[in-house]
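*Asks:* Next come the chains, spelled out residue by residue.
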Amino acid sequence: MISLWLPRLPTDRLRRRSRKNGKDPDQRPPLITVTETGGRFLVTALEHRAEMASLTPGMVLTDARAIFPAVDVALADPVADAALLDRLTAWCGRYTPWAAAEGRDGIFLDTTGCDHLFGGEAALCADLVHRLEALGFSARAAMADTPGAAWAMARFGENGTVVPFGGIREALARLPVAALRLDPGTVGGLARVGIRVIEQLRNMPRAPLTARFGRTVGERLDQASGAVSEPISPRKPVTPFHARLAFAEPIALMADIERGLRHLLDDLCRLLAKAGRGGRTLVLTLYRVDGETFEIQVGAARPARDPGRLARLFGGRLGSFDAGFGIEVMTLTASVTEPLAPTAVLLPAATRAPVNGGESFRGDILAPLVDRLGNRIGFDRVARLTAVASYVPERAVRPRPALADAMDFTWSPDASLPPRPLHLLKQPERIEIVSDTEPDTPPIRFRWRRTDHSVRLAEGPERIAPEWWVRKAAARTRDYWRVEDGAGRHFWIYRHGLPRPDHPVEWFLHGLFA
Amino acid sequence: MGSEQIVRRGAVVAELRARIAAIEQGNVDRGGAVSLGLPVLDAALPEGGLARGAVHEATGAAAGGFAAMVAGRLEGPVLWCVDADARADLYGPGLEVFGLHPARVIVVHCQGRTDLLWAMEEGLRTPVLAAVIGEPPGTVGLTASRRLQLAAEAGQVLGIVLNPDGAGRFTASALESRWRVDPAPAGDVTRPRWKIALERCRGGAQGLYWMVERNEETGDFAVVAAPADRPVAAAVS
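Residue numbers (my numbering), protein chains in the order written: chain Z, 1 to 514; chain U, 1 to 237.
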C-alpha cells in the first residue's frame, strides 16, 4: 500500500493555473490561501517559500502579513481542491486500478502485483513522486504493508520510504504520535502526559489509554501495525479484467491509439476468456502527458469478448478527446462482466439466420445492431415490448431491454379483448364535447386538438376498472369506445368515471387506430 | 403495309419501354418482393409486390397501419424507430391487429431527426432484420432518402418511411415508391376501410387507388372498389 501526500495541493493548483496563463509563479511573491472563520482570515495552505519565511497554516492573516508582508493571498476553494484530488486519483490509475482519495490531500494506492511493471516498489514510489513534481505538485510517498503505516511514513518519514515486510514496528517507533492520524486535541492531550512518539504509546497499558482518550488511539495503533485491518474503498470498483499499455514515447496519432486499443482488447479478451466471462461495460482510460485523463465508456447489449466487435463499439468515440502532447499510458477495464459460455459464437452478420416468424427469435443475431444503437441512442431506448397482465391499457405493455437474457418475450394477449389502437397517447388528452347525448353513449360531436369530429359509428363500451391494488387517487372506472369520424378515422376514447348526477362527464382520447 | 409498320413501331416502343424500366430499376438485386396479399395491388407493382432491399414512403393517417401490415407479411425481426418526443407511442397490442407480432418488434426511441435517420440506416444495413420502419420528424430530403435507399440495397432489408402528415409530398425523393393510405368511412367499426393510393413507383404504375376493407376478426384484406386508372386528385369524392 502506498500513501501519497500532496501537502501543498491548494497552492500548487493555483500555481499551475497561473503557469498555464503564461506567468511564472516563481517571479510572484509567495502564495498563501486563506479561509474566513469567525470574522478572521486563517491561513490554510502555503507554498514552500512562504513556509521558509516561518509562516504556518492556522495563522491569522494579519499576523502572517506582519511577519512577511509580501505575500499573495488567495481564497481557499476546497471544492476545486477536491475535484483536483479526484482527477489525480484517476491519474494514479496509470500505476494501479486500485486508487482511493483520502482526506483532503492524500491518495492511497494498492500496487500489489503492479510494482514489477515499474522496476520494483522503490522505483514505483520514486517514479510517482518524480512525475507529480514534474507536473508541478509537491508530493511525498511511502510504501508499507498497512495504509496506516504508509500514511505515517509519507508525512513524517523519509520521502519515498519503502517499509520492508515486518518492519513497521521499527519504522514507526520514533515517529510522533500525530503520525497515527489522531486529531490535534488527542495529540495535545498525549503530549501533556508526556507521550510524544509512537513507541511510548505502544508501551502504555491499553485500558487506561482508552478510558482517557477514547478508542481511537488504540484502533489507529492497531491499524498501523496491521493487527486490525482497515478497509478502504477504491475510487472505482476493481475488477480483475484490466489491461494496461505504456508507451516509451507519447503517442498522438489516432491510428496509433487505435492500434493500442486493439492490443489492450486482445489482452482483455484473453483474460475474459480464461474466466469464461464477457464484458458488458468497458472503460478505456487515456493518460495524457500533462496529467489529464480521459475516460471513454462503452456498453454492449450482450456480454462480448470478441476484440473486433468490441473495437467497433469504440469506433466513433475515440475522436472525442484532445490528445494534446500525447498519450503515454492506456488502460482498459471491463467494469461490468457477465458469464459467457465459451461456445457462444456469433453468426456472421451476412447470413440471413433462420428466424421464427412468430413468437420469438434468437436475440444474439441482433446483438451487433443493438450495440451500435444502444451506444449512440442509449440502451434504455432500444426496447422490445412485453405484455404485462393488466387490463389498464397503459400498464399492459412494458419495454424491456432488447436483448436481455432469460426474458420471456412471449406475448399472451387476451383474445377476448376488442382490438387495440396502434398508437397510444402518452398522456390521455381531454376532448371537448360539442354535442352530447345520454351519459351512457359516446358523444355525437367532440373537439380534439382544435378540430371537430362527428361520430359516425361507435363500438363499446368496454369497461375497464382501476386496479384496486394500485393506490392512485385519480384512478376511476373508464368506459372505452371505439368511434369512427366522418373521414373514417378511428379513435379510442373513454369516459372518465361513472356518470353521476350534477357532475360533468369527462371524456378523454387515449388512442389512435391506423 | 401501313398496318405492318404500326405493328413494328409498337414492338419497338415496347422494347424501349422495357429498356427504360430496366434502367430505372438499376442492376441491383432486390432479393425478391413482398406480396401485399392483394393481387390487384401486387399487379400494379413492377416486381409483383413491394420491393425488398428498397425504401418506400407511406403517407396518410393510416400509414402506420399499412407499414405494420407489410411487416406482418414478412418473417423476422422488425426495427421500428419512433421519435421520443412524439405525443403518441407505438402500442404493442395494436400491432397484432395487422398480423405483426409485437415480440418481433424492436422499438428505438430516437431523440431527433438525425438520430432517427441514422438508426434507420443502421437497421437497413443489418440483413437479419425483415423490415425497418421509421417516422422521422419533418421531411426527408433527397440526400437522406438516397442514403436510406443505398443502405437498404446493401442490407437487402425493406424500409418504410412514415410520413402521416403527408408533409413534403412534393420534395424530391430517391425512395422506391410513395403510398398514401387514408382511412375511409366504413359500414362497420370492426371492418375499417382504407383508401390506398400508389402515388409514385419507380418503374411502375402511379396515380392508382383502391378501396380496401379489413376484416379484423380474420385479418383479411379485400378490395371493395375497382382501381380507377386516373389521377388521385380527380377521384376524391
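Keep in mind that the hints were calculated from the coordinates and are not lab data.
A quick note: this is a predicted structure, and the numbers were derived from the prediction, not measured.
Please note that the accuracy of each hint is not assured.
To be verified - Chain U is faced by these chain Z residues, among others (derived, beta-carbon under 8 Å):
#, residue
1, R65
2, V382
3, L457
Said to hold, decoys possible - Label-pair distances were calculated between CB atoms; the ranges are:
#, chain 1, residue 1, chain 2, residue 2, range
4, U, G48, Z, M254, 24 to 30 Å
5, Z, I444, U, S35, 40 to 46 Å
6, U, D165, Z, Y391, 56 to 62 Å
7, Z, A273, U, S35, 44 to 50 Å
8, U, R113, Z, Y391, 33 to 39 Å
9, U, G141, Z, G319, 48 to 54 Å
10, U, S35, Z, F321, 48 to 54 Å
11, U, E47, Z, E295, 49 to 55 Å
12, U, G141, Z, E295, 35 to 41 Å
Glycine included, each C-beta is placed from N, C-alpha and C at the ideal position.
*Asks:* Hint by hint, note whether the structure agrees.
*Replies:* Going down the list of hints, with the structure as the test:
no.: 1; hint: R65; in the structure: violated (56 Å)
no.: 2; hint: V382; in the structure: holds (5 Å)
no.: 3; hint: L457; in the structure: holds (5 Å)
no.: 4; hint: U:G48 to Z:M254: 24 to 30 Å; in the structure: violated (49 Å)
no.: 5; hint: Z:I444 to U:S35: 40 to 46 Å; in the structure: holds (41 Å)
no.: 6; hint: U:D165 to Z:Y391: 56 to 62 Å; in the structure: violated (33 Å)
no.: 7; hint: Z:A273 to U:S35: 44 to 50 Å; in the structure: holds (46 Å)
no.: 8; hint: U:R113 to Z:Y391: 33 to 39 Å; in the structure: holds (36 Å)
no.: 9; hint: U:G141 to Z:G319: 48 to 54 Å; in the structure: violated (26 Å)
no.: 10; hint: U:S35 to Z:F321: 48 to 54 Å; in the structure: holds (51 Å)
no.: 11; hint: U:E47 to Z:E295: 49 to 55 Å; in the structure: holds (51 Å)
no.: 12; hint: U:G141 to Z:E295: 35 to 41 Å; in the structure: holds (37 Å)
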